[in-house]
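Visitor: These are the residues of each chain, in order.
Protein chains: 2
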Amino acid sequence: MTLQVTAAADIGDISATSDLTSLIAQALAAVHWADGSSGIRSGDIVVVTSKVVSKSEGRVVACADAAERERIIDSESVRLLARRGSTRIVETHHGLVLAAAGVDESNTDSGTVVLLPLDPDESARRIRAGLLTALGEQLAVVITDTMGRAWRLGVTDQAIGAAGLRTIEDLRGTRDHTGRLIERTIIATADQVAGAAALVGAKDSRRPVSVVRGLDSLVIPEDGPGASALIRPADEDMFRYGTID
Amino acid sequence: MTLQVTAAADIGDISATSDLTSLIAQALAAVHWADGSSGIRSGDIVVVTSKVVSKSEGRVVACADAAERERIIDSESVRLLARRGSTRIVETHHGLVLAAAGVDESNTDSGTVVLLPLDPDESARRIRAGLLTALGEQLAVVITDTMGRAWRLGVTDQAIGAAGLRTIEDLRGTRDHTGRLIERTIIATADQVAGAAALVGAKDSRRPVSVVRGLDSLVIPEDGPGASALIRPADEDMFRYGTID
Chain E
0 MTLQVTAAAD IGDISATSDL TSLIAQALAA VHWADGSSGI RSGDIVVVTS
50 KVVSKSEGRV VACADAAERE RIIDSESVRL LARRGSTRIV ETHHGLVLAA
100 AGVDESNTDS GTVVLLPLDP DESARRIRAG LLTALGEQLA VVITDTMGRA
150 WRLGVTDQAI GAAGLRTIED LRGTRDHTGR LIERTIIATA DQVAGAAALV
200 GAKDSRRPVS VVRGLDSLVI PEDGPGASAL IRPADEDMFR YGTID
Chain S
0 MTLQVTAAAD IGDISATSDL TSLIAQALAA VHWADGSSGI RSGDIVVVTS
50 KVVSKSEGRV VACADAAERE RIIDSESVRL LARRGSTRIV ETHHGLVLAA
100 AGVDESNTDS GTVVLLPLDP DESARRIRAG LLTALGEQLA VVITDTMGRA
150 WRLGVTDQAI GAAGLRTIED LRGTRDHTGR LIERTIIATA DQVAGAAALV
200 GAKDSRRPVS VVRGLDSLVI PEDGPGASAL IRPADEDMFR YGTID
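These protein sequences, in sequence, are chains E and S. Per numbering that gives the first Met the number 0, residue 0 is the first one in the first sequence, and the count goes up by one each step. Per numbering that gives the first Met the number 0, residue 0 is the first one in the second sequence, and the count goes up by one each step.
Rather than coming from a laboratory, the hints here were simulated on the basis of the structure. Note that beta-carbon positions come from the ideal geometry of N, C-alpha and C, so glycine has one too. Incorrect hints may appear among the rest.
[Unchecked claim] Heads up, incomplete: computed chain E residues facing chain S, CB under 10 Å, no partners named:
| id | residue |
| --- | --- |
| 1 | 128 |
| 2 | 132 |
| 3 | 133 |
| 4 | 135 |
| 5 | 137 |
| 6 | 193 |
| 7 | 231 |
[Claimed, not checked] From chain E, some residues computed to sit far from chain S (all C-beta separations above 10 Å):
| id | residue |
| --- | --- |
| 8 | 13 |
| 9 | 16 |
| 10 | 67 |
| 11 | 72 |
| 12 | 74 |
| 13 | 105 |
| 14 | 118 |
| 15 | 148 |
So that you can see chain E by itself, here it is in the shape it has in the complex (with noise of 0.2 Å):
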């Protein structure tokens, strides 16, 4: 079985007036594989860096120094988990655990900040139900966003938001090759989804939609349980606090 995951071209600057749904459907008609076909089919996930969604949903505020990011960052945050320094690892109101809520000045207007989209789950229904309408293909949606890890050096891509995939594979009551019950295992496949798409848009963030093929048995016809199905509950984190300086 062969995976494809391919970088669709720039759609352009977006703003609260963008039709992002549309601009996303003319840039998925154009995409090249390596077969030498082109456009998208049902089965495909399209993944959509949760920056231009943000920026379509008119997510982009004002912010004029220092002390304002800090102020919008508390605005965004429902606890503290950890600091240092400058750094702030918060919990959103999403349930999501990153630095800055979220809060991104990167490929944004100077003097202004993006921020996530309020319900990441919803936008990608919406995108997921719009490019239905507009291409006539079954598709699965994922809406990204850039994290660090606990413990681990560096950013990878993960999973804010979802419709129409299997967001988790929950493996607990199958059995492996020896017939061993397996009791634990739950894989994360959006987050795994989300990183590969990762590895061919450009870094500048000039390519924020990817596609992914190849994983037609976990696209499905319903919107399915999105990407909070992959947010660890609190009470079963046993790393919900870190340390303060």
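Given the structure of chain E, go ahead and fit chain S onto it with the hints provided.
Guide: For chain S alone, coordinates are given in the frame of chain E:
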């Protein structure tokens, strides 16, 4: 740009008498690609699950019962980070943080457990050199293990060993498309490669070898920094200590 990820055929049961590199080389010669071609070429990244590497290195030990398993985990650990019930999150002698020190009782003979390779970067270097000899191609090699994460549900594959690959991409000092200086971003590329490969590997571990094609710019002639470059130094880690019940 299109990335392709494909799983090689089953390489059979691996033990300390197996010639793992030869078996991988044979399997690689037969992989199929979306464009109808087969085999591997310089610039491809070969991803191997740690379980078969461990088995080929004799890292399988007898384990009669739960008490013995706990003693084995102790011997693989340098530090306890968190504990809940029978689950222990520890730091291994490699600096990896994961449940049960990676001591794994799945897909191994009853009454045995599999330990992680002693030095996974060295394992990757050895396999890479062997593949160059066997196949005449300059490949990268990544050795993966399946790990949980703080805050997020489910496991993903991560790179624990690597050779011939830029395992991290350090964007610090570069500029985003608005010209803004990027101050902090380091991308954990090898972990995203590991996750992409996991999407095509069969869940029963009978397809432990995958190939990622299309990231030639990350494949380097020297062994490079290895996957140990992905371990966050303890003194920079805000979540080194969890909760102990």
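Visitor: Please go over all the hints and tell whether each is borne out by the structure.
Guide: Structure-based check of all given hints:
A least Cβ separation of about 25 Å between residue 128(E) and chain S goes past the 10 Å threshold, and the interface hint is therefore violated. A least Cβ separation of about 27 Å between residue 132(E) and chain S goes past the 10 Å threshold, and the interface hint is therefore violated. Interface restraint check: residue 133(E) against chain S, minimum CB-CB distance 23 Å, threshold 10 Å, status violated. Interface hint status for residue 135(E): violated, as the beta-carbon distance to the closest one in chain S is roughly 23 Å, over 10 Å.
The criterion of a C-beta within 10 Å of any C-beta in chain S is not met by residue 137(E), whose closest approach is roughly 20 Å, and the hint is violated. Satisfaction of the interface hint for residue 193(E) is found here, the shortest Cβ-Cβ separation to chain S being roughly 8 Å, below the 10 Å cut-off. A hinted interface residue such as residue 231(E) counts as satisfied when its beta carbon comes closer than 10 Å to some beta carbon of chain S; here the least separation is about 5 Å, so the hint holds. The claim that residue 13(E) lies off the interface holds: its Cβ sits roughly 13 Å from the closest Cβ of chain S, which is beyond the 10 Å cut-off.
Distance check on residue 16(E): its Cβ is at least 19 Å (rounded) from any Cβ of chain S, clearing the 10 Å threshold; non-interface status holds. Chain S leaves residue 67(E) outside its interface by the beta-carbon criterion, the shortest separation being 17 Å against a cut-off of 10 Å. Distance check for residue 72(E) against chain S: the nearest CB is about 15 Å away, which clears 10 Å, and the non-interface claim stands. The beta carbon of residue 74(E) sits about 21 Å from the closest Cβ of chain S, which is more than 10 Å, so the claim that it is off the interface holds.
For residue 105(E), the requirement that its beta carbon stay farther than 10 Å from each beta carbon of chain S is not met, with the minimum near 5 Å. Residue placement check: residue 118(E) keeps its beta carbon more than 10 Å from all beta carbons of chain S (closest about 18 Å). For residue 148(E), the shortest C-beta to C-beta distance to chain S comes to about 6 Å, within the 10 Å cut-off, and the non-interface label is violated.
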